[in-house]
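These protein sequence lines are chains A and B, in that order. If you count the first sequence from 1, position 156 lands on 156 in UniProt numbering, and the numbers rise without skipping. If you count the second sequence from 1, position 383 lands on 383 in UniProt numbering, and the numbers rise without skipping.
Bear in mind the hints are in silico, worked out from the structure with no lab data behind them. C-beta atoms are modelled at their ideal positions from N, C-alpha and C, and glycine is treated no differently. Just so you know, nobody snuck in bad clues.
Partial pick of chain A residues on the chain B-facing surface, computed with a CB cut under 8 Å:
id, residue
1, Asn-119
2, Val-142
3, Ile-152
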Amino acid sequence: MGKIISVHSFRGGTGKSNVTANLAALLARLGKRVGIVDTDIQSPGIHVLFNLSPERFRYALNDYLWGKCRIEEAAYDVSGVLEGRRLKDAGSLHLIPGSMRTGEITRILRDGYDVGLLNSGFQELMERLELTHLLIDTHPGVNEETLLSIAISDILLLILRPDQQDYQGTAITVELARQLEVEQTFMLVNKAINPRDFTALKQRVESTYHVPVLGVLPLSGDVAILGSGDIFALANPDHPVTSVLEAAAQRIDAA
Amino acid sequence: MTSIRVVFPLIFALQIFVAVGLTGAIAYVSHMREAQDTAKEILELIGNMIDDQLYRFLSQPIDLTQVYADSLRGRPDLPLDDLLEPRLVKKLSNGVWTQAQMTRWANLSIANSAGQNLRFDRREYGKKVVKVSDIRRGGGVEWRLLENYGKGGMPLEVQEAAYDPRTEAYYRDALAKGGLVVSPIHFSPLLQGSAPVVTVAEPVYDAHGRPRAVVSSDIYLAGIGRYLQNLHLPNSSIAFLFFAEGHLIAGSRGSFPGPIAGRLPLATASSDPIIRATAGYIGERYGFLAVPDAESFRYVRGEQHNYVHTDHLLTDRQFAGLGLDWRLAVVIEESDLIENLITGIHSAAWLSLGLLVLAVAVGSWTAAGMIRPILTLGKVAAALEKDELDARHLDIRQLERDTRRRNEFGELAHVFLRMVLEVRARHDLLEAQLEQLRVNIDEADTQAKIRQIADTEFFADLKAKATRIREERKRAAEPSAQAFAEHDP
Ligand SMILES: Nc1ncnc2c1ncn2[C@@H]1O[C@H](COP(=O)(O)OP(=O)(O)OP(=O)(O)O)[C@@H](O)[C@H]1O
Ligand SMILES: [Mg+2]
Chain A
1 MGKIISVHSF RGGTGKSNVT ANLAALLARL GKRVGIVDTD IQSPGIHVLF NLSPERFRYA
61 LNDYLWGKCR IEEAAYDVSG VLEGRRLKDA GSLHLIPGSM RTGEITRILR DGYDVGLLNS
121 GFQELMERLE LTHLLIDTHP GVNEETLLSI AISDILLLIL RPDQQDYQGT AITVELARQL
181 EVEQTFMLVN KAINPRDFTA LKQRVESTYH VPVLGVLPLS GDVAILGSGD IFALANPDHP
241 VTSVLEAAAQ RIDAA
Chain B
1 MTSIRVVFPL IFALQIFVAV GLTGAIAYVS HMREAQDTAK EILELIGNMI DDQLYRFLSQ
61 PIDLTQVYAD SLRGRPDLPL DDLLEPRLVK KLSNGVWTQA QMTRWANLSI ANSAGQNLRF
121 DRREYGKKVV KVSDIRRGGG VEWRLLENYG KGGMPLEVQE AAYDPRTEAY YRDALAKGGL
181 VVSPIHFSPL LQGSAPVVTV AEPVYDAHGR PRAVVSSDIY LAGIGRYLQN LHLPNSSIAF
241 LFFAEGHLIA GSRGSFPGPI AGRLPLATAS SDPIIRATAG YIGERYGFLA VPDAESFRYV
301 RGEQHNYVHT DHLLTDRQFA GLGLDWRLAV VIEESDLIEN LITGIHSAAW LSLGLLVLAV
361 AVGSWTAAGM IRPILTLGKV AAALEKDELD ARHLDIRQLE RDTRRRNEFG ELAHVFLRMV
421 LEVRARHDLL EAQLEQLRVN IDEADTQAKI RQIADTEFFA DLKAKATRIR EERKRAAEPS
481 AQAFAEHDP
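Can you build the whole structure from these sequences, using the hints too?
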């Protein structure tokens with residue numbers, strides 16, 4: 001049975017979409033069959049990282065949830081980004097974009113997802129596509145949709161920036177995840193400033209939240225330049241940031 | 001510490017002050033020198049003019065005397081033993097009037113060794129007059145109209161005091177020298193009121209070298225005075241003649257006291273204050289005898305500055321060797337001469353002062369403008385040091401404006417601004433680094449927020465559903481796991 005992994009952060013712009021895409025790509029390269037779901041309906045964006053323009057997809061996650069299509073029809077194979085960089089042949093990448101249609105966005109905001117429906121949808125998706133990992137790119141902050149995603153996840157990956165606001169906000173999410181009995185919670189610090197402090201920073205965060213930290217990513221000009229136009233780890237296999245991401249992917253795979 | 005805000009404009013202003021002041025002072029000095037030169041020139045000019053006029057004035061009686069003496073020499077047959085003989089007087093008078101047509105003051109005397117004296121004159125009456133005296137007949141002087149001479153009747157005037165020409169200085173000097181002489185000043189008894197005169201005289205001898213007569217002519221000093229007074233000298237300038245001993249001969253201004261006890265008054269006793277002061281100064285400075293030729297100088301009397309030019313008169317041509325020792329002083333008041341000049345200098349001084357104020361103002365303004373960027377740098381640096389600098393800081397705004405200057409200040413401001421921004425960026429980074437290690441969680445706040453969510457019905461429901469889902473998933477996973485186990489040997 002595959003694993004559902006929610007990627008979440010307290011604040012927007014922390015690097016969720018980037019980390020999700022990179023981890024997904026690195027897992028696929030390890031031979032995993034990986035699905036990515038964009039539940040950030042208010043500002044979906046992960047498709048950009050896979051060069052998938054909204055005109056090219058007919059159906060999105062909500063179409064399936066509302067019975068408008070079969071799950072295979074909402075999933076787009078984006079394994080192309082791997083471009084033969086797969087380490088094991090079996091690996092593949094599938095993206096289920098969030099809705100881009102404004103009418104549907106308001107409907108979801110009004111009615112909300114049903115947790116059961118969402119869960120059975122994800123289960124069906126994983127079965128049909130034989131996924132080993134399903135990564136959910138969430139909307140930032142604590143709201144009902146986020147809590148739904150977290151509730152049905154096997155793993156919660158919290159992305160945080162090393163500053164007071166995120167430290168404070170993340171503490172709430174960690175506690176809520178604990179109450180929802182999520183099996184495994186991880187953290188990943190992004191946009192940290194001084195690389196010399198990273199070990200100390202990691203220890204500090206781990207001892208504060210009692211949650212394992214998968215890695216500390218620096219605020220890197222290189223990452224910013226690539227922006228959300230490409231998958232960094234694939235484009236820069238020898239970059240120190242890539243090695244941190246690879247280590248994180250391996251920990252997730254092993255969990 | 002003295003701020004450059006003060007020092008810089010001060011130095012600037014001082015430089016301007018010195019420059020303008022120096023120019024003004026130089027201009028003033030050169031103007032004054034020019035004024036002095038001008039004064040000297042004017043005085044010399046006046047002196048020369050007087051000398052020239054005086055020469056003409058004095059040369060007439062000399063010419064008259066010499067020409068008349070010559071004409072007597074040309075008539076050796078003319079007996080001069082009895083000068084008063086009417087027909088002789090007639091003859092002698094012809095030559096005189098032709099010679100003396102030109103001047104109203106002309107007079108001529110002929111004296112013989114017998115003590116007779118015949119004088120042609122017209123001074124007091126305008127008409128031609130003869131004044132005759134004979135010491136052998138008592139020496140009294142009778143005045144008669146020439147046209148009535150020898151016809152008897154009452155004389156016009158009679159002077160009782162005996163007059164013997166042979167005792168006069170001119171007579172003795174002429175014979176002693178045997179040529180033309182000019183007598184010292186004396187008071188002629190042949191004039192009403194006895195006026196001071198000098199007499200020009202020349203002897204005439206017979207074939208045996210015996211004196212036949214002495215021809216002479218008187219020069220009235222009062223006439224010289226009138227002449228000087230008629231000269232058009234500049235206002236407040238004065239010219240006067242004096243002897244080596246300091247006796248005043250004549251002046252262009254002021255009333256002249258008559259002779260005192262038969263002597264001319266001293267110049268130092270003149271009624272005119274300028275003559276008095278100038279003469280006093282000359283006497284003190286040179287002693288009257290030693291006044292140098294053509295000398296110009298300036299002296300101060302009370303508040304007043306005067307320029308003076310002194311010269312010896314009649315030292316050349318036919319006067320040379322006549323023993324005249326006349327000196328001339330021409331005085332001009334400085335104030336009169338350079339009044340215009342001084343007003344000019346004053347207005348120039350005011351203009352300079354105005355320019356100075358303007359220059360100092362402009363200088364200060366420029367200096368302030370020039371040093372402002374430096375002050376801004378200082379303020380920004382101070383603010384940076386105290387960690388009070390942000391992008392909205394007024395001084396950093398000013399610094400940004402300064403970078404737009406197209407000069408070294410602009411470059412400096414540019415470099416400085418870049419440095420400041422760099423320092424600030426580094427500082428911010430350091431702050432952030434410290435911040436990211438300061439993992440500080442407000443436990444109470446966190447708990448409150450968690451309770452807010454956890455206490456909702458939604459969350460309780462979600463929690464229950466999540467538990468159920470997990471159990472279902474576990475159950476679903478187990479059979480298949482068994483199935484795998486069965487298939488996998
Ligand atoms: N380590 C990093 N160094 C520099 N820039 C980064 C880094 N990580 C992410 N970014 C940049 O931050 C921006 C936000 O990243 P991203 O879209 O992945 O965040 P997000 O959490 O998904 O945002 P949102 O909440 O809006 O979905 C992107 O422009 C990305 O290029
Ligand atoms: Mg995102």
